[in-house]
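Asker: Residue numbers (the working numbering), protein chains in the order written: chain B, 1 to 96; chain P, 1 to 991.
Hint data in this document are derived by calculation from the structure and do not stem from the laboratory.
Ideal placement from N, C-alpha and C gives every residue a C-beta, glycine not left out.
There's no promise every hint is true.
Unchecked claim - Simulated restraints on C-beta separations:
{"hint": "1", "chain 1": "P", "residue 1": "Glu915", "chain 2": "B", "residue 2": "Leu16", "range": "28 to 38 angstroms"}
{"hint": "2", "chain 1": "B", "residue 1": "Tyr8", "chain 2": "P", "residue 2": "Glu915", "range": "42 to 52 angstroms"}
{"hint": "3", "chain 1": "B", "residue 1": "Glu17", "chain 2": "P", "residue 2": "Lys833", "range": "45 to 55 angstroms"}
{"hint": "4", "chain 1": "B", "residue 1": "Asp31", "chain 2": "P", "residue 2": "Thr864", "range": "45 to 55 angstroms"}
{"hint": "5", "chain 1": "P", "residue 1": "Asp969", "chain 2": "B", "residue 2": "Tyr8", "range": "53 to 63 angstroms"}
{"hint": "6", "chain 1": "B", "residue 1": "Glu15", "chain 2": "P", "residue 2": "Asp969", "range": "45 to 55 angstroms"}
{"hint": "7", "chain 1": "B", "residue 1": "Leu16", "chain 2": "P", "residue 2": "Lys430", "range": "37 to 47 angstroms"}
{"hint": "8", "chain 1": "B", "residue 1": "Leu16", "chain 2": "P", "residue 2": "Lys688", "range": "22 to 32 angstroms"}
{"hint": "9", "chain 1": "P", "residue 1": "Leu168", "chain 2": "B", "residue 2": "Glu17", "range": "14 to 24 angstroms"}
{"hint": "10", "chain 1": "B", "residue 1": "Ile61", "chain 2": "P", "residue 2": "Asp969", "range": "44 to 54 angstroms"}
{"hint": "11", "chain 1": "B", "residue 1": "Leu16", "chain 2": "P", "residue 2": "Leu747", "range": "28 to 38 angstroms"}
{"hint": "12", "chain 1": "B", "residue 1": "Glu17", "chain 2": "P", "residue 2": "Glu540", "range": "47 to 57 angstroms"}
{"hint": "13", "chain 1": "P", "residue 1": "Arg533", "chain 2": "B", "residue 2": "Ser36", "range": "52 to 62 angstroms"}
{"hint": "14", "chain 1": "P", "residue 1": "Gly218", "chain 2": "B", "residue 2": "Ile61", "range": "52 to 62 angstroms"}
Stated by the list, open to error - A partial selection of chain B residues facing chain P, derived with a Cβ cut-off under 7 angstroms:
{"hint": "15", "residue": "Ile26"}
{"hint": "16", "residue": "Arg28"}
{"hint": "17", "residue": "Pro32"}
Unchecked claim - A few chain B residues that don't get close to chain P, going by computed Cβ distances all over 12 angstroms:
{"hint": "18", "residue": "Ala50"}
{"hint": "19", "residue": "Gly52"}
{"hint": "20", "residue": "Met80"}
{"hint": "21", "residue": "Gln90"}
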Amino acid sequence: MLLIHCPYCEDSLPELEFAYAGEAHIARPADPSTLSDEEWRDFLFIRTNARGPHYERWRHISCGRFFNALRDTVSDRFLMTYKAGQPRPQLNEAAE
Amino acid sequence: MSRFRIPGKGRVDHAAPVSFTFDGKTYRGLRGDTVASALLANGVHLMGRSFKYHRPRGAVSAGSEEPNALIGTSRGAGRFEPNTRATVQELRAGLVTESQNKWPSLSFDIGAVNDRAYMLFSAGFYYKTFMWPKSFWDKIYEPVIRGAAGLGKSPTEADPDHYASRYLHTDVLVIGAGPAGIAAALAAAQSGADVTLVDENPEMGGSLLSDPAVQIDGRPAWDWVDAQLGRLRAAGVRLMTRTTAIGYYHQNMVGLCQRLTDHLDTPPKGAPRERMWRVRAGQVVLAQGALEKPLVFDGNDRPGVMLAGAAQTYLHKYGVKVGDTPAVITSHDSAYYAAFDLADSGARVAAIIDTRDAVRPDLLDGARLRGIEVLSGHTVTTTRGRLRVKSVRAAPMRGTHVGTGRDIACDCLLMSGGWTPSLHLFSHTKGSLAWDGQTFLPDRKTEACEIAGAGRGLWGYADVLADGAAAGLRALEGLGRAGHPAGFRVANDRPGTGASHTELPTDGNPGKARAFIDFQNDVTAKDIRLAVREGMRSIEHVKRYTTNGMATDQGKMSNINGLMIAADALGKQPPQVGLTTFRPPYTPTSFGAFCGYLRGETFQLTRKTPIDGWAEANGAVFEPVAQWRRAWYFPRAGEDMHAAVLRECKATRASLGIFDASTLGKIEVAGPDAVEFMNRMYTNPWTKLAPGRCRYGLLLGEDGFIRDDGVIGRLSPDLFHVTTTTGGAARVLTMMEDYLQTEWPELDVWLTSTTEQWATVALNGPNALAMLKPLVQGVNWDDFPHMSCAECTVAGLPARLFRLSFTGEVGFEVNVPARHGLTLWTALMEAGKPYDITPYGTETMHVLRAEKGYIIVGQDTDGTVTPADAGLDWAVGKAKKDFVGKRSLSRPDIVAKGRKQLVGLLTEDGSLLQEGAQIVLDPDQPKPMKMVGHVTSSYHSTLGHPIAMAVIEGGFDRMGETVFIPMPDGVRKARVTSTVFYDPDNTRLKA
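With the hints as extra help, turn the sequences into a complete structure.
Answerer: Below, the structure is given as structure tokens:
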């Protein structure tokens with residue numbers, strides 16, 4: 001069982017307390033009505049499906065907050081977690 | 001004294017006989033025996049039959065890797081367990097055991113005809129033999145296969161035992177308490193670190209228990225073990241025996257299964273049978289040792305053929321001589337020690353047959369001293385004996401050629417093909433492996449772990465002890481602590497090396513050789529070669545085609561032999577072919593241990609409303625809804641469900657019904673931007689909804705499909721009381737939080753779950769208003785029409801009162817703080833007496849709402865239904881610029897013709913349809929028929945006939961048409977109607 005670091009609680013806690021919430025950094029368009037069918041389809045359904053480091057959202061059920069994480073989908077290891085709204089960190093930042 | 005027991009020898013208690021039965025016959029063993037050692041002491045080698053060919057088999061090992069000696073064990077009703085390894089099950093008084101895969105008896109078995117027909121059962125036979133004719137499948141192949149399949153008998157009764165679970169945090173977890181593990185634990189314990197040492201056996205000491213002549217620091221091995229365990233105990237190290245590390249998971253979490261009572265004559269009352277530990281360790285030391293590998297030759301599976309190390313263990317741990325005249329076939333030095341120890345205990349060793357040309361001089365001297373003939377450069381080409389080996393044929397060997405052989409009489413054959421490091425737990429971590437020319441060794445690590453001793457290919461006690469101590473020190477360093485290195489003086493050490501082989505050559509017809517690799521699944525060397533010939537290239541394919549390594553022992557003995565032969569057949573090096581993946585659990589683990597406390601009433605929590613006790617006292621029948629238990633109906637004496645529900649429905653329509661709606665999800669949406677938030681989340685417009693009014697709200701996913709619904713009241717300009725479906729409350733709150741936190745953090749809104757803060761009682765019926773009015777204070781009845789809400793008091797209790805209806809009658813929902821729920825309910829029951837107030841349950845609620853065509857999200861919708869599909873277009877605020885899911889409502893697929901739409905159905909013959917039944921337009925079309933939809937809701941009703949709802953392709957355009965519902969007892973005809981079966985003009989609501 002993974003230990004996941006909640007950036008709001010600032011604690012590493014068992015994965016049972018967390019829920020996966022999809023790929024990160026896919027902002028809802030400010031005005032969906034201006035999008036073509038193809039653009040809206042891409043927003044709804046098209047995902048990176050990365051093999052390796054993957055930016056994704058998690059929810060800490062215990063505190064209720066959504067946050068972002070960089071997780072390697074091959075090793076299933078969390079490289080880092082960060083608060084919602086923070087910019088996407090680069091891979092080399094995660095390595096530090 | 002049993003015939004093969006050596007008086008006074010071993011770690012068993014010779015003064016404590018224990019009786020048990022095997023296949024109905026009573027045997028005597030000793031306290032400290034396993035079932036296998038006790039049977040061997042009685043001269044019984046035949047312990048079971050193999051899975052496929054039903055070949056007679058005996059114990060081949062003395063540990064948890066045993067593939068053959070699987071037995072059923074029993075301790076009375078519900079406590080039968082199949083596939084227990086006889087080599088692990090400790091003897092206890094009155095233990096009842098039985099062999100498996102045999103009929104009518106172990107020594108005479110009808111199923112053994114499979115053995116004669118083995119040509120039919122070669123690799124991949126599942127895929128070939130039963131292919132044709134197709135018509136044979138249902139009637140012949142499948143019943144026969146099902147009858148023959150399955151290992152052991154499944155128990156049929158519920159398990160009366162209970163199982164415990166614990167968490168443990170420890171600095172250093174050492175797995176395996178052999179010499180390396182003990183040395184590692186000693187090193188780790190010296191700095192005050194919290195250390196845990198676990199071992200799957202009843203006693204710690206590992207291989208030292210089978211090598212008592214070894215001396216460490218001047219003490220005999222057993223004395224040394226006792227002294228070190230005492231030191232560990234004194235240092236506060238947690239020592240856990242009968243505890244198997246079953247899996248190694250992320251971030252140093254290890255699962256341990258501890259067996260607590262299976263070895264006890266009489267378990268203490270209430271004691272758990274097993275306990276699952278979830279251990280989070282700072283550092284892990286893997287000291288699991290190595291498993292001995294069988295040699296692969298014709299007839300290597302007869303009872304009496306066993307691993308040399310196992311014979312040594314039976315001798316020293318249990319005082320059991322596995323035979324009077326053992327022969328030995330080996331490619332590793334270690335088997336010589338087993339032969340020497342048996343000879344020194346009175347056995348006459350017939351010969352040591354060594355596949356290697358050169359043998360270490362001191363081993364040859366040891367053999368000469370004991371008068372044992374050594375045949376170097378020889379192999380065993382075949383064995384004889386039906387239920388027990390009685391002779392082996394030894395022949396000189398040059399590569400794959402064999403010379404003239406001779407038969408050597410024996411009553412058992414000890415084999416050793418070398419040792420395989422136990423890589424299972426290391427492989428669970430996806431650690432990489434390196435090939436050293438003979439076997440795989442652990443290489444790159446992914447976790448904070450150390451591997452010590454035979455588990456990384458070391459041999460000889462001096463090396464293993466030093467390695468264990470070093471691993472313990474490295475673990476300490478990993479924790480940022482330091483310790484002193486320890487040295488061990490070892491005398492009478494037993495170092496050794498060996499050679500590795502594929503299958504050994506035979507002097508008989510090679511096509512008929514039965515050289516087994518996977519004993520339990522009856523996989524032979526030929527099967528592996530056949531699989532490669534038939535095109536299997538990946539070791540994973542070879543495994544699945546032949547079933548090699550797929551038995552309950554998970555290839556502990558067979559994987560490396562299978563790989564060597566597959567690699568040879570492919571003309572590749574073993575590392576290029578690779579090893580199949582080891583997966584948890586390390587040994588078979590009971591379902592009970594995994595479930596722990598989560599079974600029966602404690603499987604999951606049961607949520608109860610404040611009115612639940614009243615319902616129970618008043619005879620309610622309950623049903624589970626999400627995690628809630630809800631009153632389903634309230635039968636009176638002599639009523640069945642149908643009669644009770646019809647009475648409840650009619651009473652509500654005629655006068656007054658009362659219903660516990662406390663399970664409704666409730667969320668408070670508060671704040672200056674609450675109305676903006678509601679506009680964005682729900683399809684409906686909220687800006688113009690005045691405080692004191694409520695509205696039916698519809699929630700979509702961003703994909704445009706219905707997610708939830710419920711009536712929402714605006715209590716004040718900045719406060720909404722949202723209700724959700726019973727099962728959807730948590731999901732809706734999570735979805736709202738997601739948007740609020742991550743898409744619109746600028747909105748000034750607070751979301752609070754209030755589901756359990758409010759008890760909710762629904763009153764419905766033409767007399768609801770008259771009955772309620774006198775109890776209410778703080779409501780202006782002149783301005784409280786249908787779809788109103790107010791904060792007021794009801795029966796003197798603070799309340800949020802909603803006027804709404806889920807039945808089509810005049811209706812109210814009274815919310816009071818949960819602690820007042822029962823008070824409110826009893827007050828309303830009392831006040832309702834003049835109106836024959838009738839409590840009703842969820843079934844009546846369903847019928848009444850269905851008569852009005854009100855949908856239940858998740859029953860009439862399934863995640864592919866849009867508001868338009870459900871006939872709820874009126875609830876969509878089309879003038880709003882945006883809301884969650886709006887853009888999707890104009891996607892091409894959503895506006896396309898022919899979508900499934902929600903309609904009503906009335907059967908022509910007045911029969912009740914089955915929910916989930918499929919609908920077709922032409923019942924005479926050939927199969928498979930084109931299905932155009934399915935029944936979503938179906939009930940008996942108050943209308944004199946059953947009603948149903950269904951989703952049907954293009955349903956809105958099929959009003960009045962007839963559709964067909966094929967059922968096992970015939971085709972039903974039904975007319976497509978509106979979903980509103982009762983009071984379509986809502987006259988009763990407005991009354």
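Asker: For each hint, tell me whether it holds in the structure or not.
Answerer: Now for the hints, and whether the structure bears them out:
Taken as a hint, the range 28 to 38 angstroms holds for the pair Glu915 of chain P and Leu16 of chain B, whose Cβ atoms sit roughly 35 angstroms apart. Separated by about 44 angstroms at the C-beta atoms, Tyr8 of chain B and Glu915 of chain P satisfy the suggested range of 42 to 52 angstroms. One distance hint, 45 to 55 angstroms for the beta-carbon pair Glu17 of chain B and Lys833 of chain P, holds here, with the actual separation near 50 angstroms. Checked against the given bound of 45 to 55 angstroms, the beta carbons of Asp31 of chain B and Thr864 of chain P, roughly 26 angstroms apart, lie outside it.
The hinted window of 53 to 63 angstroms between Asp969 of chain P and Tyr8 of chain B holds, with their beta carbons roughly 59 angstroms apart. The hint said 45 to 55 angstroms for the Cβ distance between Glu15 of chain B and Asp969 of chain P, and at roughly 49 angstroms that hint holds. Evaluation of the 37 to 47 angstroms hint for Leu16 of chain B and Lys430 of chain P yields a failure: the beta carbon distance comes to about 22 angstroms. Against the hinted window of 22 to 32 angstroms, the Cβ-Cβ separation of Leu16 of chain B and Lys688 of chain P comes to about 45 angstroms, which falls outside the hint.
The beta-carbon spacing between Leu168 of chain P and Glu17 of chain B, approximately 19 angstroms, falls within the hinted interval of 14 to 24 angstroms. Range check, Ile61 of chain B to Asp969 of chain P: Cβ separation about 48 angstroms, and the 44 to 54 angstroms hint holds. Separated by about 31 angstroms at the C-beta atoms, Leu16 of chain B and Leu747 of chain P satisfy the suggested range of 28 to 38 angstroms. Checking the proposed 47 to 57 angstroms range against Glu17 of chain B and Glu540 of chain P shows it is violated: the Cβ atoms sit about 35 angstroms from each other.
Restraint check, Arg533 of chain P to Ser36 of chain B: a C-beta distance of roughly 56 angstroms satisfies the suggested window 52 to 62 angstroms. Judged by the Cβ atoms, the range 52 to 62 angstroms given for Gly218 of chain P and Ile61 of chain B holds: they are separated by roughly 59 angstroms. Annotation: interface hint on Ile26 of chain B violated; nearest CB of chain P at approximately 10 angstroms, more than 7 angstroms. Hint status for Arg28 of chain B: holds, given a least beta-carbon distance of 5 angstroms to chain P, under 7 angstroms.
Hint on Pro32 of chain B holds. Least Cβ distance to chain P is approximately 4 angstroms, under the 7 angstroms limit. Remark: the non-interface label on Ala50 of chain B is consistent with the geometry, its nearest Cβ contact in chain P lying 18 angstroms away (cut-off 12 angstroms). For Gly52 of chain B, the condition that its CB be more than 12 angstroms from all CB atoms of chain P holds, with the nearest at approximately 15 angstroms. No Cβ of chain P approaches the Cβ of Met80 of chain B within 12 angstroms, the least distance being about 15 angstroms, so the stated non-interface status holds.
With a minimum CB-CB distance of about 21 angstroms to chain P, Gln90 of chain B clears the 12 angstroms threshold, and the non-interface call stands.
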